[in-house]
Amino acid sequence: MRFGDISQAIGNTPLVALPRLSPKGYTIHLKLEGHNPTGSVKDRVARYLIEQAERHGLLSPGQRVLEPTSGNTGIGLAAICKVKGYPLTCVLPENTSQERRQLLTMFGAELVFSPATEGSNGSVRVARELAAADSHAYMPFQYGNAANALAHYETTAPEIIADLPQVAAFVAGLGTGGSVTGVGKRLKRWNPDVKVFAAEPEYGDLVYGLRNLDEGYVPEVLDVDVLDSRIKVDSRKALGATRELAEVEGIFAGVSTGASLVVARRVCNRLPEGAHVVAMSPDGGWKYLSTGAYAPGDLDEIATAISGTLWA
Amino acid sequence: MPTVRIPSVLRKHTDGAAKVTAAGGNVGEVLRAVTADHPGLEEQLFDGDSVRGFINVYVDDEDIRYVSGLDTPVERDSEVALMPAVAGGDG
Ligand SMILES: Cc1ncc(COP(=O)(O)O)c(C=O)c1O
Chain A
1 MRFGDISQAI
11 GNTPLVALPR
21 LSPKGYTIHL
31 KLEGHNPTGS
41 VKDRVARYLI
51 EQAERHGLLS
61 PGQRVLEPTS
71 GNTGIGLAAI
81 CKVKGYPLTC
91 VLPENTSQER
101 RQLLTMFGAE
111 LVFSPATEGS
121 NGSVRVAREL
131 AAADSHAYMP
141 FQYGNAANAL
151 AHYETTAPEI
161 IADLPQVAAF
171 VAGLGTGGSV
181 TGVGKRLKRW
191 NPDVKVFAAE
201 PEYGDLVYGL
211 RNLDEGYVPE
221 VLDVDVLDSR
231 IKVDSRKALG
241 ATRELAEVEG
251 IFAGVSTGAS
261 LVVARRVCNR
271 LPEGAHVVAM
281 SPDGGWKYLS
291 TGAYAPGDLD
301 EIATAISGTL
311 WA
Chain B
1001 MPTVRIPSVL
1011 RKHTDGAAKV
1021 TAAGGNVGEV
1031 LRAVTADHPG
1041 LEEQLFDGDS
1051 VRGFINVYVD
1061 DEDIRYVSGL
1071 DTPVERDSEV
1081 ALMPAVAGGD
1091 G
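Line by line, the protein sequences are chains A and B.
Quick note on the working numbering: the first sequence kicks off at 1 and runs consecutively.
Quick note on the working numbering: the second sequence kicks off at 1001 and runs consecutively.
Just so you know, not all the hints are guaranteed correct.
[Stated by the list, open to error] Computed cross-link-like contacts, DSS-like style, restricted to lysine-lysine with a CA-CA straight-line distance of at most 30 angstroms:
1. K185(A) x K195(A)
2. K237(A) x K185(A)
3. K237(A) x K1012(B)
4. K24(A) x K84(A)
5. K1012(B) x K185(A)
6. K188(A) x K82(A)
Bear in mind the hints are in silico, worked out from the structure with no lab data behind them.
Everything numeric in this text was worked out from a predicted model, so none of it was measured.
In isolation and in its complexed conformation, chain B is listed as follows (with noise of 0.2 angstroms):
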């Protein structure tokens, strides 16, 4: 099954894991397995249908927003990342 990282901020929704599974065929479908199973998640992942702006993707670490959005598909082995948008480096 696919594997969601949990950023540290949402852990407290997950008893405290750092990864879960859960089925999908696409990111859409892996999201709500995901808030199925730890529905404390739901209010912070999702603004109504979309996911929350300040939230990145990642499916194998492409972001989602450049593939299909939650269409996105998720293989067997895929991992699917959630992290909150920081501001970047500057070296």
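Chain A with its partners taken away, still in its complex shape (with noise of 0.2 angstroms):
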């Protein structure tokens, strides 16, 4: 395979059965994204997300590129907009981890924190802020742009269905809800018979105390009535899934590709005998190394300690 620049290299990944994993009578399969150029599946939203803005004369050359992401989008986002030539700031929580900040600083983004506390609603938050300020800013904004769903419209899901025409159901970690709205509306306009379930991860109880009941968001992106189910997972699960990948199918993946792995097992019955299942795998478990995800000890301890994050 030859590409004429990185951004030409986004996509093809490999799908790869769980002959050790799946339920007896059933073949989970994953989407392994961590293939793509900078690790992840966003690289394939960051593409369309650029090359979207450019098609519809939103974005022109030397224009500053702004948007609140923590992590994989602006990785992916900064390794595009290196080669475009847009220069780049990502609004974070001031808790990314060091991989994170290291990769984006690398790639030469600028970085601007929100308050940990806060989450991803504060750097939503500060990018709105920021973007008011400066008319000449374009922010993508990932959580409300049809781009985001429209990549794996039109590469995921095509990927999927040349690779396992039989395919019975989707499973992806719900965040942005760009995987589940894309991949799963072509999938059903393909064999309305597919179903997709969405696996919610379930945060620790820190998250939830700093919420208010009314300030609920739910992402423009994603559309619920894509979805057969949406099942949470929490960190013991999806942390107890993602090291039994590594652990007996050699594959090491990022904890939401854990918490897809339960809801793949648990839906299994639900569907025919000999039903063929893709997860989603977003990405690999490098950017995570540091949280201590994979390291020797209590599984109970770890998962508290990665609670208040768990994939972002």
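Two chains, two frames, some hints: make the complex.
What follows is the structure, given as structure tokens:
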């Protein structure tokens, strides 16, 4: 495979079966998005966010791009913006891990921090304030930009259909909702019997304690009607499945992959015997090493320690 | 009896309890039993007859909107969880 530059080397990721971790009579496959150039599914999204903006005349040469993100989207955007010549500002919670900060900085992104206690909501707030103050900046805003789901509709889903035409169900973790919405719609258009399930992160008490009940946020990108169900997964279960993947199937994935695997195994018995299920693996485990997620030790303690960020 | 998990923001209405038990054969019955025991929760959880929009209700981890809403069956050993909706992560 040859490509003109890194932005063209996105996608066409492996779809790998899990013969040892699938329930008897079913086959679960992981779409290994960690194989993208900057190591996550968000390379697809970053490319679409930028190229759609260029196509619609919203972005012109040299213009600053501004985005709230705590990680993968920022890293993907940083690489794309680098090769396309756009300066980038990422707004991130101040507790974002060192790996992410270093990667973003290396790619030349400017970092602005939002209060850790406000989580992703805080980054969104600060980015909106910055965008309002700077009329030259372009904010793609992955939570509300149709290009996010479109990337999955036009690239991720067709790859799955080509590799596994008999796919009966799709599972992905829920963040912006771009993955479940884009892949889900395309798979259902192709075969209306395909089922779509979201694995929703259940954070630790601390995160919810800081939220007000009336400031709940449902991203505009998420189309709740495409879902057949939504199942929450706590950090203990997600981490257990993530580690099992490495131990049993030799796959080193991020924690949200474990969450999707938990849901994939749970829903198999709702599908016809022999069904094939695709679960999204948004990234590899590398960026989570410093959280201790893969360190030896008591699983409950480690799960509690990461329950505030989970897969952010 | 089914257990009901109370999010930290609402525990002032349950004397600090993170989990309470309540009888009922479906989610609606269980939640009405909870608000009968802890009247302060009534207005926090319900908007008329339905659960407020930014509160997600799960039975054994599954969002009841995708099962049968307040009619979703609850077993004797089920866990009903109430959670504020929060913006998702972006790894
Ligand atoms: C590691 C990881 N897992 C899961 C998700 C959720 O994906 P989506 O934003 O498409 O819902 C994201 C991004 O938000 C992510 O970076």
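Okay, the hints, checked on the actual structure:
Distance restraint check for K185(A) and K195(A): the Cα-Cα separation of roughly 10 angstroms lies within the 30 angstroms cut-off, and the hinted pair is therefore satisfied. Distance check on the hinted pair: K237(A) and K185(A) sit about 28 angstroms apart at the alpha-carbon level, within 30 angstroms; holds. Annotation: proposed proximity of K237(A) to K1012(B) holds, straight-line Cα distance about 28 angstroms (limit 30 angstroms). The suggested pairing of K24(A) with K84(A) is violated, with an alpha-carbon distance near 48 angstroms, which exceeds 30 angstroms.
In summary, the hint linking K1012(B) to K185(A) is not supported, as the alpha carbons are separated by about 42 angstroms, beyond the 30 angstroms threshold. For a cut-off of 30 angstroms, the pair hint linking K188(A) to K82(A) is broken: about 36 angstroms separates their Cα positions.
Checked against the numbered hints above, the structure violates hints 4, 5 and 6; every other hint is satisfied.
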